[in-house]
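Model the full assembly from the supplied sequences, consistent with the hints where possible.
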Amino acid sequence: MSVTSPRGFRAAGVTAGLKTSGGKDLALVVNDGPELASASVFTANRCKANPVLWSQEVVRNGIVRAVVLNSGGANCYTGAEGFQTTHALAEQVAAGLGAAAFDVVVCSTGLIGLTNPRDVLLRGADDAVADLSQDGGADAAEAIMTTDSVSKQVVV
1 MSVTSPRGFR AAGVTAGLKT SGGKDLALVV NDGPELASAS VFTANRCKAN
51 PVLWSQEVVR NGIVRAVVLN SGGANCYTGA EGFQTTHALA EQVAAGLGAA
101 AFDVVVCSTG LIGLTNPRDV LLRGADDAVA DLSQDGGADA AEAIMTTDSV
151 SKQVVV
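Numbering (my numbering), first residue to last: 1 to 156.
Straight-line Cα separation of at most 30 Å, DSS-like style, residue types lysine-lysine; simulated pairs: (1) Lys48 to Lys19; (2) Lys48 to Lys152; (3) Lys19 to Lys152.
Computed beta-carbon distance windows for the label pairs: (4) Ser5 to Glu81: 29 to 39 Å; (5) Asp126 to Gln84: 13 to 23 Å; (6) Gln84 to Ser5: 26 to 36 Å; (7) Pro34 to Thr115: 37 to 47 Å; (8) Ser133 to Arg46: 34 to 44 Å; (9) Ser5 to Arg118: 30 to 40 Å; (10) Pro117 to Pro34: 28 to 38 Å; (11) Leu53 to Asp126: 23 to 33 Å; (12) Gly17 to Gly113: 15 to 25 Å; (13) Thr20 to Ser151: 13 to 23 Å.
Honestly, the hints are just simulated from the structure, not real lab data. The beta-carbon is built from N, C-alpha and C at its ideal position, and this holds for glycine as well.
Now the structure itself:
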């Protein structure tokens, strides 16, 4: 069972180059429909990372086509540059899928205060779009691991 178990979902997990370990660090989960309804839960913290701010706006219409996630840097406390990187990543994924950027949720996990290299993220996004498959759930789960010792997957 994985994130791709429901009909219409594809995923990928790739090595973009954010982690010094050389492990997978960028995941993409895509909902090909026909239903694109979504639900979300966000932090109540007053200090929100750039991907949280972006994604809160995306989910307002209740429709999400894709979620792109990176590990290795949380993109928190990175100011305007970090928000622009978040927006650029959503645009890159959307372009690869033929979707709108405001249908792409962005999530980042890892160290706080690090600016993720935009060019690395954008290349990774292209690789993830190219690698999307119904069998990509395990790779996607691996790509979002930080200090975890095992990959965690649940299907409800």
